[in-house]
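K.L.:
Residue-level listing of the chains:
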Amino acid sequence: MTTRVQLEIFEGPLDLLLHLIKKNEVSITDIPIAAITEQYLATLEVMESLNLDVAGEFLVMAATLVHIKSRMLLPLTEDEDDEEEGTDPRAELVRRLLEYQRFKDAADQLERRDVLARDVFVRAAPPAEQVDPPGFREVSVFELLTALRRVMERLPKDAVHEVTLEKITVREKMTLLLDILRAQGPILFEALFAEVKTRMEVVVTFLAMLELVKVRAIRIFQEEMTGPIQIEAFADMDQAAVLYVAQAAEEEHGT
Amino acid sequence: MEREEIKSVIESLLFVAEAPLTVQRLGEVLEGVAKEDIRSTLDELHAELEANRRGVRLVEVAGGYQLRTAKVNADWVKKFLGGRPARMGRATLETLAIIAYRQPITRAEIEAIRGVDVDGVINTLLDRSLIRAVARKDVPGRPFLYGTTPEFLQLFNLKDLTHLPTLKEMTEMTLPEIPGEELPVEGVEER
Chain A
1 MTTRVQLEIF EGPLDLLLHL IKKNEVSITD IPIAAITEQY LATLEVMESL
51 NLDVAGEFLV MAATLVHIKS RMLLPLTEDE DDEEEGTDPR AELVRRLLEY
101 QRFKDAADQL ERRDVLARDV FVRAAPPAEQ VDPPGFREVS VFELLTALRR
151 VMERLPKDAV HEVTLEKITV REKMTLLLDI LRAQGPILFE ALFAEVKTRM
201 EVVVTFLAML ELVKVRAIRI FQEEMTGPIQ IEAFADMDQA AVLYVAQAAE
251 EEHGT
Chain B
1001 MEREEIKSVI ESLLFVAEAP LTVQRLGEVL EGVAKEDIRS TLDELHAELE
1051 ANRRGVRLVE VAGGYQLRTA KVNADWVKKF LGGRPARMGR ATLETLAIIA
1101 YRQPITRAEI EAIRGVDVDG VINTLLDRSL IRAVARKDVP GRPFLYGTTP
1151 EFLQLFNLKD LTHLPTLKEM TEMTLPEIPG EELPVEGVEE R
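Here the protein sequences come in this chain order: A and B. Position 176 (the first sequence) corresponds to 176 in this note's numbering; numbering is contiguous. With positions in the second sequence counted from 1, the corresponding number in this note's numbering is that position plus 1000.
Treat the hints as calculated values from the structure; they're not laboratory data. Every residue gets a Cβ at the ideal spot worked out from N, C-alpha and C, and that includes glycine. Any given hint could turn out to be false.
[Stated by the list, open to error] Quick look at which bits of chain A chain B covers, simulated, 3 or more residues with Cβ under 8 angstroms:
#1 55-65
#2 93-103
#3 113-119
#4 211-222
[What the hints assert, rightly or not] Reference excerpt, derived from the structure (chain B facing chain A, CB under 7 angstroms, subset only):
#5 K1071
#6 A1074
#7 W1076
#8 R1090
#9 E1094
#10 R1128
#11 R1132
#12 A1133
#13 Q1154
#14 L1167
So that you can see chain A by itself, here it is in the shape it has in the complex (with noise of 0.2 angstroms):
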């Protein structure tokens, strides 16, 4: 049963399309869609029967093959609001396979390279993280919800008055913050707080504040088990983004 070897190795869809079109020995720009689609279909049977869960991309693009499959037995119509006249059907697929095949190539072109803790290896075994300068740790959890707590508590209490409800995202929110932080270098965690007024705009900062250290724009450190809470974006960008971060800070502000 050699397809159910190959299949645990398909990485999605256009994968096991770039698989069949080698099978079958023939040119990704000139596939033959009726035998494919059939072995594509077939595949996707036997995934099923085997019990492997075929992810909802697969069947996608299996809809899109049956689709262009059907372009292909009809008769290039002249009164067609359909795209460009002349246009393969197929074109769009071929670009999509060619540009992943290239990924691809690529892939193996790193993975050929001296991987280091493969091929090579550095004396402190293990490639260092996010190396902390001297006196510097990371802050917990935990500590990060005492000092969340310190804030709330900050917060007017009983004040009562009417209320506006100022919508405000997370997603704002860690624009904002990055704002901040690019144009002030690190702030105290406090600090990020003082304007805040309310529980959910605190709560809203908090949270934007989290995501962004989960993709790792930002980190949240402190140079003594007791002392302040520190924030600073990560310095060492590329020429790239800081040149895109300057400009969805210009956008921010111009709206």
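Based on these hints, arrange chain B on the given structure of chain A.
P.N.:
For chain B alone, kept in the frame of chain A given last:
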């Protein structure tokens, strides 16, 4: 400072350094020694280690210099370290390649190329510090743009991003009018 002395000091610093050392950083320690001299000394050291087929070689990686074991000794080193498998899965590798060549790039753009969901893979790569969010893209939803890290360069023994292996051109582009994504396409009807 004597040239031999400089070389000796540099070798010591390279030995203790935990990450690739930049010429800049070496210059800060070796006060008064010109950058060109540091650079030429590094070249000399590199050549010596190669010529004598030493077990440790000097490589230029992630914008700096680092001592790494000779590739021919990989099996011995692995045996000594206990041979933990450092294999990277195909999905991870392909996604990383896409990010490396197309950075900065969003999750959706990666998914468009791979044809599958990449959430899990992105998180793995973030956890391994091989990629990070570098900015937000100015489109609805303001999604994150991802780029590679210095750790990525270190992992694949790359001096910098310009030293990535050249991406093969799309071959066999014989079909008429395949709408390109990035390339300014001529002949496409304007609305």
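K.L.:
Now, for every hint given, state plainly whether the structure supports it.
P.N.:
Now the hints, each set against the structure:
1. For a cut-off of 8 angstroms, the count of residues in the region 55-65 of chain A with a CB near a CB of chain B stands at 3, and the three-residue condition holds.
2. For the region 93-103 of chain A, the proposed coverage by chain B is satisfied: 8 residues have a C-beta within less than 8 angstroms of a C-beta in that chain, meeting the threshold of three.
3. Residue count for the region 113-119 of chain A with a Cβ under 8 angstroms from a Cβ of chain B: 7. That meets the three needed, and the coverage hint holds.
4. Counting residues of the region 211-222 of chain A whose C-beta sits closer than 8 angstroms to any C-beta of chain B gives 5, which meets the bar of three, so the coverage hint holds.
5. Checking K1071 of chain B against chain A by beta carbon gives a least distance of about 5 angstroms; that is within 7 angstroms, so the hint holds.
6. This hint holds: A1074 of chain B has a C-beta 5 angstroms from the nearest C-beta of chain A, less than the 7 angstroms allowed.
7. This hint is violated: W1076 of chain B has a C-beta 10 angstroms from the nearest C-beta of chain A, more than the 7 angstroms allowed.
8. The beta carbon of R1090 of chain B is positioned within 7 angstroms of a beta carbon in chain A (closest approach about 6 angstroms), and the interface hint is therefore held.
9. With its C-beta approaching chain A no nearer than about 5 angstroms, E1094 of chain B sits inside the 7 angstroms limit, and its interface hint holds.
10. At a threshold of 7 angstroms, the smallest CB-CB gap from R1128 of chain B to chain A is about 9 angstroms, leaving the interface hint violated.
11. Nearest Cβ of chain A to the Cβ of R1132 of chain B: about 4 angstroms, under the 7 angstroms cut. The hint holds.
12. Given the 7 angstroms rule on beta carbons, the hint for A1133 of chain B holds: about 4 angstroms separates it from the nearest Cβ of chain A.
13. With a cut of 7 angstroms, the hint placing Q1154 of chain B at the interface with chain A holds, because the nearest CB-to-CB distance is about 6 angstroms.
14. Look at L1167 of chain B: its Cβ gets to within about 6 angstroms of chain A, closer than 7 angstroms, so that hint holds up.
Hints 7, 10, counting from the list given before, are not met by this structure.
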